[in-house]
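> Going line by line, the protein sequences match chains A and B.
So that you can map any letter, position 75 of the first sequence is 533 in this note's numbering, and since no number is skipped, the others follow by simple counting.
So that you can map any letter, position 160 of the second sequence is 618 in this note's numbering, and since no number is skipped, the others follow by simple counting.
Worth flagging that the hints you see were computed from the coordinates, not collected in a lab.
If you're wondering where the values come from, they're calculated on a predicted model, not measured in any experiment.
Please note: incorrect hints may appear among the correct ones.
[As the list claims (entries may be wrong)] Cut-off 30 Å, straight-line C-alpha distance, at most; resulting in silico cross-link-like pairs (BS3-like, lysine-lysine):
#  : chain 1 : residue 1 : chain 2 : residue 2
1  : A       : LYS792    : A       : LYS744
2  : A       : LYS586    : B       : LYS530
3  : B       : LYS566    : A       : LYS587
4  : A       : LYS510    : A       : LYS780
5  : B       : LYS495    : A       : LYS530
6  : B       : LYS653    : A       : LYS587
7  : A       : LYS652    : A       : LYS566
8  : A       : LYS530    : B       : LYS530
9  : A       : LYS530    : B       : LYS792
10 : A       : LYS566    : B       : LYS587
11 : A       : LYS530    : B       : LYS744
12 : A       : LYS586    : B       : LYS586
Residues per chain, in single letters:
2 protein chains.
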Amino acid sequence: MSYKIAVLSPVAWRTPPRHYGPWEQVASNIAEGLVEKGWDVTLFATQDSFTKGRLEAVIPAGYEEDNEADAKVAECLHISYLMEQADTFDLIHNHFDFLPLTYTGFIKTPVITTIHGFSSFRIIPVYKKYNTGNNYYVSISNADRHPELTYTATVYNGIDSHDFSFNETPENYLLYFGRIHPDKGTFEAIQIAKKAGWQLLISGIIQDERYFDEKVAPWINQDDILYMGVAGPHQRNQLLGHAAALLHPIRFHEPFGLSVAEAQFCGTPVIAFNKGSMPELIVPAKTGFLVSNIEEAALAVADLPRIHRRHCREWAVKNFSKEKMVDDYIAVYKTILENP
Amino acid sequence: MSYKIAVLSPVAWRTPPRHYGPWEQVASNIAEGLVEKGWDVTLFATQDSFTKGRLEAVIPAGYEEDNEADAKVAECLHISYLMEQADTFDLIHNHFDFLPLTYTGFIKTPVITTIHGFSSFRIIPVYKKYNTGNNYYVSISNADRHPELTYTATVYNGIDSHDFSFNETPENYLLYFGRIHPDKGTFEAIQIAKKAGWQLLISGIIQDERYFDEKVAPWINQDDILYMGVAGPHQRNQLLGHAAALLHPIRFHEPFGLSVAEAQFCGTPVIAFNKGSMPELIVPAKTGFLVSNIEEAALAVADLPRIHRRHCREWAVKNFSKEKMVDDYIAVYKTILENP
Chain A
459 MSYKIAVLSP VAWRTPPRHY GPWEQVASNI AEGLVEKGWD VTLFATQDSF TKGRLEAVIP
519 AGYEEDNEAD AKVAECLHIS YLMEQADTFD LIHNHFDFLP LTYTGFIKTP VITTIHGFSS
579 FRIIPVYKKY NTGNNYYVSI SNADRHPELT YTATVYNGID SHDFSFNETP ENYLLYFGRI
639 HPDKGTFEAI QIAKKAGWQL LISGIIQDER YFDEKVAPWI NQDDILYMGV AGPHQRNQLL
699 GHAAALLHPI RFHEPFGLSV AEAQFCGTPV IAFNKGSMPE LIVPAKTGFL VSNIEEAALA
759 VADLPRIHRR HCREWAVKNF SKEKMVDDYI AVYKTILENP
Chain B
459 MSYKIAVLSP VAWRTPPRHY GPWEQVASNI AEGLVEKGWD VTLFATQDSF TKGRLEAVIP
519 AGYEEDNEAD AKVAECLHIS YLMEQADTFD LIHNHFDFLP LTYTGFIKTP VITTIHGFSS
579 FRIIPVYKKY NTGNNYYVSI SNADRHPELT YTATVYNGID SHDFSFNETP ENYLLYFGRI
639 HPDKGTFEAI QIAKKAGWQL LISGIIQDER YFDEKVAPWI NQDDILYMGV AGPHQRNQLL
699 GHAAALLHPI RFHEPFGLSV AEAQFCGTPV IAFNKGSMPE LIVPAKTGFL VSNIEEAALA
759 VADLPRIHRR HCREWAVKNF SKEKMVDDYI AVYKTILENP
């Protein structure tokens with residue numbers, strides 16, 4: 459291909475991130491996946507980022523990792539640096555939320571924006587204003603589409619299959635994996651495990667201290683309810699792969715449940731509350747169960763033997779791999795580049 | 459004149475502000491002053507703003523006054539709205555700090571930016587990057603100029619002389635007028651008054667609660683040290699006009715001391731610590747005194763009879779009136795418009 463693609467990553471964290479940084483991670487996965495397929499890719503990210511493509515950077519380090527940094531300054535210098543050379547690219551792929559859109563009225567290069575979720579209804583007016591001309595929006599699940607916006611495609615986040623190995627024979631525990639926060643249903647997961655009479659392992663950062671202290675910590679006994687702290691990449695693969703099931707009793711419309719896809723990559727089925735993107739991520743009775751409440755979830759635990767773990771793996775590889783994501787984005791690029 | 463001028467106000471507050479909003483106030487003073495002189499002015503501000511020129515607005519109300527608002531969304535929609543129609547103006551006068559600069563690489567219209575002070579050294583890189591091309595910087599005092607930037611002019615903030623009436627015969631009190639904050643030297647003002655044996659009236663918002671509790675409140679007895687709360691426009695004129703002197707013992711390099719100019723408008727001399735813009739605002743021994751410490755300030759109080767209050771008024775009207783500011787900006791505009 460001779461097309462020149464600019465991938466605009468956020469500058470909150472390095473690309474790829476050292477630990478946390480989900481948008482930077484997706485931007486990196488796309489940039490590297492395109493390079494592997496021979497595309498001419500320029501990654502706009504922090505100066506300490508790395509890519510097998512070309513790196514363009516004016517901000518030394520992620521503003522979340524740099525005491526000297528001012529987020530607003532970093533953002534506008536980073537974005538304007540790309541926009542001021544927009545005409546040297548055939549396509550810009552924006553992973554930086556809404557601010558770059560407000561520079562697109564001045565450039566002719568088409569801009570694809572992956573909307574990685576809406577932080578607030580207050581940002582909708584920007585997306586509405588720029589839902590036109592050379593702007594194209596991609597949703598990360600059908601569930602996350604805003605009814606007042608027009609989208610070009612849904613492309614699911616893609617996972618590097620090297621990070622999650624298939625495990626045929628699980629151990630006898632259920633897993634909660636994610637931020638400790640009321641939205642994520644840590645308390646509900648504990649109740650499901652108690653009701654089903656299973657051991658529960660809990661892994662994740664404590665995002666809501668008060669919730670942890672009041673609703674989670676009182677149940678932790680390191681016997682049937684265990685808190686494992688935060689897992690690095692290796693432990694994450696172990697925890698997810700050896701679980702009999704991942705419990706995902708969310709209380710919000712999650713745009714895309716990354717751990718739900720990751721668990722299935724390991725062959726681990728998922729019991730999830732039927733909200734947000736869950737129906738797109740789980741095939742009921744084949745790769746997990748979609749339930750409405752704690753009682754139904756506890757009953758689903760008894761049904762786990764009906765699930766073939768290989769089906770979970772196959773479904774995840776087919777739909778949520780990095781390769782699938784890159785192929786889907788290439789299809790979007792071609793639609794725009796070849797049908798201007 | 460047939461030139462079309464766009465004045466870009468911030469959208470933190472209404473233009474002009476109801477109470478607080480210093481940058482919005484200056485933007486308003488300039489816009490209205492230009493209209494009075496027959497210029498074609500479009501004010502870009504919140505929708506609840508008003509002007510005798512044309513109002514262009516996409517943000518309903520200042521984000522500091524509107525619970526529904528998101529500051530970042532309001533800022534980028536407001537700025538891009540002007541920039542996307544930049545070519546319909548002969549000149550843009552920016553009062554909105556650094557963010558608009560990052561859109562100027564796409565437009566041909568000259569942009570004058572009044573730098574109303576640097577909130578942090580972290581914003582300097584943006585000013586450095588855009589100190590070129592069709593961008594022109596104006597400082598609000600010579601003292602506030604950053605050594606690495608090039609400026610077109612210094613224009614002092616202009617005060618509406620209707621708001622401050624001359625008073626020949628003051629009462630026997632000293633005045634502290636401003637935010638209660640260590641930078642502003644509230645504690646030092648108290649010590650000066652004590653040492654000089656004068657009554658001190660203190661007026662201003664309590665910006666630093668702990669500083670107020672620990673360093674200011676213990677001295678307040680409503681006898682010789684009085685706290686008057688926050689003054690509205692009428693009381694402000696009364697307090698400033700009837701003071702024997704304004705004490706301004708600042709501990710930082712204040713870019714422009716608005717109350718220092720306002721006091722002199724009323725005929726009230728100012729005793730200030732010799733920092734920042736103070737040497738540009740005060741004529742020593744003629745409109746006040748520049749001192750180095752509490753002792754010198756207390757001695758200066760004894761010298762107050764040497765000051766003719768009419769000289770203070772004359773100096774302020776000549777240098778810090780709205781009319782003077784507008785004339786100075788018109789001179790800057792003409793330099794740019796007529797020598798492209």
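> Take the hints in turn and mark each one as holding or not.
Now the hints, each set against the structure:
Between LYS792 of chain A and LYS744 of chain A, the direct Cα distance comes to roughly 34 Å. Violation of the 30 Å bound is thereby established for this hinted pair. For the hint linking LYS586 of chain A to LYS530 of chain B, the alpha-carbon distance of about 16 Å falls within 30 Å, and the restraint holds. Between LYS566 of chain B and LYS587 of chain A the CA atoms are separated by roughly 23 Å; this keeps the pair inside 30 Å, and the hint holds. Taking the CA atoms of LYS510 of chain A and LYS780 of chain A, the gap is about 16 Å. The hint holds against a cut of 30 Å.
Note on LYS495 of chain B and LYS530 of chain A: the hinted pairing is violated, with a Cα-Cα distance of about 37 Å set against a maximum of 30 Å. Taking the CA atoms of LYS653 of chain B and LYS587 of chain A, the gap is about 62 Å. The hint is violated against a cut of 30 Å. For the hint pairing LYS652 of chain A with LYS566 of chain A, the CA-to-CA distance comes to about 58 Å; that exceeds 30 Å, so the pair is violated. Under the criterion of a C-alpha separation no larger than 30 Å, the hint pairing LYS530 of chain A with LYS530 of chain B is consistent with the structure, at around 9 Å.
A hinted pair counts as satisfied when its Cα atoms are at most 30 Å apart, and LYS530 of chain A with LYS792 of chain B does not qualify at roughly 33 Å. Proximity of LYS566 of chain A to LYS587 of chain B is assessed by CA-CA distance (about 23 Å); at most 30 Å being required, the pair is judged to hold. A C-alpha spacing of about 44 Å is found between LYS530 of chain A and LYS744 of chain B, which places the hinted pair above 30 Å, so the restraint is violated. Between LYS586 of chain A and LYS586 of chain B the CA atoms are separated by roughly 33 Å; this puts the pair beyond 30 Å, and the hint is violated.
In summary, the numbered hints that this structure violates are 1, 5, 6, 7, 9, 11, 12.
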